[in-house]
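Go ahead and model the full structure; you've got the sequences and the hints to work with.
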Amino acid sequence: MATETTAGTASTSTCVVDGSAVGMPQLCFDWWPNQIFWLIVTLVVIFFFLSRIALPRIAAVLAERQGTITNDLAAAEDLKAKAVEAEEAYNKALADARAQAQDIINQTKAEIKAELDDATAKADAEIAAKAAEGEKKIAEIRANAMESVKDVAKDTAKELVSVMGGKADAKSITAAINARMKG
Amino acid sequence: MATEAQGEEGGLVFHPMDQFIVKPLFGDGPVGLFTITNVTLWMALTVIAVVLLMVLGTSKRSTIPGRMQSVGELAYGFIYKMVEDVAGKDAVGFFPYIMTLFMFIVFANFLGLIPMSFTTTSHFAVTVVLALLVFLTVTIVGFVKNGAGFLGLFWVSSAPLALRPILAVIEIISYFVRPVSHSIRLAGNLMAGHAVIKVFAGFAAIAVVSPVSVLAITAMYGLEVLVSFIQAYVFTILTCVYLKDALHPSH
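As given, the protein sequences belong to chains A and B, one line each in that order.
Counting from 1, position 50 in the first sequence corresponds to residue 50 in the numbering used here; the numbering is continuous, with no gaps.
Counting from 1, position 117 in the second sequence corresponds to residue 1117 in the numbering used here; the numbering is continuous, with no gaps.
It should be emphasised that the hints constitute simulated quantities derived from the structure, not laboratory data.
Predicted, not measured: the structure shown is a model, and the values here were computed from it.
There could be a bad hint or two in this list.
Unchecked claim - With a straight-line Cα cutoff of 20 Å, these simulated EDC-like cross-link-like pairs (lysine to aspartate or glutamate) come out: (1) B/1081 - A/64; (2) A/182 - A/147; (3) B/1023 - A/18; (4) B/1145 - B/1245; (5) A/122 - A/133; (6) B/1023 - A/30; (7) B/1060 - A/64.
Given below as structure tokens:
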């Protein structure tokens, strides 16, 4: 077997005959040192690149991103607080304005009422004065009318008496008329 | 290579294992310790892939990451969280080491999926070294951190006293089987998948079954993509689990 192999493929190994594997190449221990050597080189190189360059860099990037996110969140929180504050201020201003408006309305109402009351009182007083004046005038006119009626009655009575042929003295006629008008 | 199923005799000849042959890149000499072989080539490609993703991909250090940087950060976060969750907060110091293992395995697995490539992680030589590294790390860390208390890992104090010696024997056996299962799981999964694909490819030489064969290869390939990631993940998470035993040996 061994001689055959060396005759067939003297160049490579006992595990390969005519270019194809004998059994499992994995169990060909001729190749193990080579594989193990290159594996260790590979692992050392990868470990070096990862531990010296890649992993710290990625860790830094991740930390930085975390920091950025935290900062942005904090900023957003701040802005939100500001917005809430602004809204409160706005609401307060609105409430103030409303209260002020209410005050102005109340004041104006009171003023108008006072003015109105004033005007009403004045008007009442004027009306009362005018009414009193009118009454006085009416009384005057009535008195005058009474006087006139008396005079007319006297004259008429005198005329009537004279027409009837009598001669009446003024004194008795006046007395009669006064008596009549009282009754 | 092995896809040329038609042998000299005209019948079907399968060489599903030929893809795993280690051979020198230059010349035909024997494979010595420092010979530059296809192992060297594909491991170098693995290193290049890792550096491309993790170093060049993150070189811009942008706060809003690009595609490459996103993937790099995703890998970082994935393994970091795994180490933290599985092995505990005090295991974070081992994170670069575990990250190295994961990145190497995942890239070696995926590069192995390229047709005509060489899958370094399908070799026991590679996975045994990886598993032994983990085993030695865990054992040394366990004894350094806990002293003789690390042996408490084998003494199940919650079990009845009579059972404890028996359990201790079982625990010790299982502890020493760990590197074996750890390494064979990874290499075995990859080797089996790749070999099966080659076998299906061999059947493609028969015109009648070749459509079925191509379909089967496609399906297997999809499965292999899954396996490539899952095995890297499993290897890494088991490393974390073992590390947790070393740091907190009490059950």
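Distance restraint between residue 1060 of chain B and residue 64 of chain A, which requires alpha-carbon spacing of 20 Å or less: holds (13 Å)
Does the structure keep residue 1081 of chain B and residue 64 of chain A at a Cα separation of 20 Å or less? holds (18 Å)
Holds or violated: residue 182 of chain A with residue 147 of chain A, Cα cutoff 20 Å? holds (13 Å)
Mind checking the alpha carbons of residue 122 of chain A and residue 133 of chain A for me, to see if they're no more than 20 Å apart? holds (16 Å)
Would the hint linking residue 1023 of chain B and residue 30 of chain A be met if the CA-CA limit is 20 Å? holds (11 Å)
Holds or violated: are the alpha carbons of residue 1023 of chain B and residue 18 of chain A at most 20 Å from each other? Answer holds: residue 1023 of chain B to residue 18 of chain A is near 13 Å, not above 20 Å.
Please verify whether residue 1145 of chain B and residue 1245 of chain B have alpha carbons no more than 20 Å apart. With a Cα-Cα distance of about 11 Å, the restraint between residue 1145 of chain B and residue 1245 of chain B holds, given a limit of 20 Å.
The earlier numbered hints are all upheld by this structure, with none contradicted.
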